[in-house]
Amino acid sequence: MRILCPVLFGMSVVVLGGSLAGAQDAMPSPPKVIQITREWIKPGKMGMVHDRSEAAFVSLNNRAKLQGHYVALNSMSGKSRALYITRFPSLQAWEADNKVLATGAFATDFDRAASGDGELLDGMDQAVGFYNPDLSFHPHGDISHARYYEITSFRVRPGHRKDFADLTKMYKEALDKAGSSAHWAAYEVNYGADCCTYLSITARNSLSEIDDENAAFNKVMEAAGGEDGMAKIDQAFGQAIESSHSELFSINPKQSYPEDSWAKADPDFWKPRMKAASEASAPKPAAPKPAAQPAAASKPGTR
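Going letter by letter, the sequence shown gives residues -23 to -1, 1 to 280 in mature numbering (1 follows the signal peptide of the UniProt record, and there is no 0).
Worth flagging that the hints you see were computed from the coordinates, not collected in a lab. A portion of the hints provided could be inaccurate.
Claimed, not checked - Straight line, CA to CA, 20 Å or less: simulated DMTMM-like cross-link-like pairs of lysine to aspartate or glutamate:
{"#": "1", "residue 1": "K241", "residue 2": "D119"}
{"#": "2", "residue 1": "K9", "residue 2": "D111"}
{"#": "3", "residue 1": "K42", "residue 2": "E72"}
{"#": "4", "residue 1": "K248", "residue 2": "D237"}
Please model the complete structure; the sequences and the hints are all you need to start from.
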């Protein structure tokens, strides 16, 4: 949720036609509960080193068949870190997963994986958010083909929740009037953050979407009432919001625990090794026999 105006940077905007908005509403709904685990990575420990460590968690989750699938994100802005957004239909589902991990060999394997991963980290924190449909705008529940995430946090001034809701409604009306295909899912952080913290999450198939949004700003400003309308939104922003912060992330499929629907829709991205193994096991036509060659002196094996 990136408000694009001279003073504000928050709600996502791209004008591609009103027919897209209806199609977005038909998409699967975002998860009702998300747990965000944020890992601060030591210098030099990102990349393949961290991929190998996180593979232990992915393997464990697949074995345990946990309900909470998650997408792993690597920072493209700000301090080096990794985010894991785990999606649950309810707190009860999260509780059920915790019970599975606390039993038998799963608990031992989880502790071992956590211990190894901890050697790569400077720190870790977690937060829990609840989906707010009224503050969301044409959210995309299906992230099968997503490659990037934009996440904006808003710290609403105490006592100004209604002002924040009114601001969001005002901006959403301008987007609808412009026929925008902007989209975001809004979450209120109930655990792990200061009071009145909200998150706006936008999944991106390509960074070019952001280029399109920037190019479309004038159309949205016109729909909002021109400079006077944007000044009104700017004023409402200042009254309702104490601070906001936006970051950009890339999805790391090697560290993700994807839903089956994502893997089926885009196996090359989410399950590349699975597809490669499948192709390797397929029968191949016999190669033609090489023509006879003169005998050659033997050579030591090479790598």
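How the hints compare with the structure:
1. Using a Cα cut-off of 20 Å, the hinted pair K241 and D119 holds, with the two alpha carbons roughly 12 Å apart.
2. Restraint check for K9 and D111: the C-alpha separation of about 13 Å stays at or below 20 Å, so the hint holds.
3. Our distance criterion of 20 Å between C-alpha atoms is met by K42 and E72, whose separation comes to about 14 Å.
4. Distance check on the hinted pair: K248 and D237 sit about 10 Å apart at the alpha-carbon level, within 20 Å; holds.
Every hint from the earlier list agrees with this structure, and none is contradicted.
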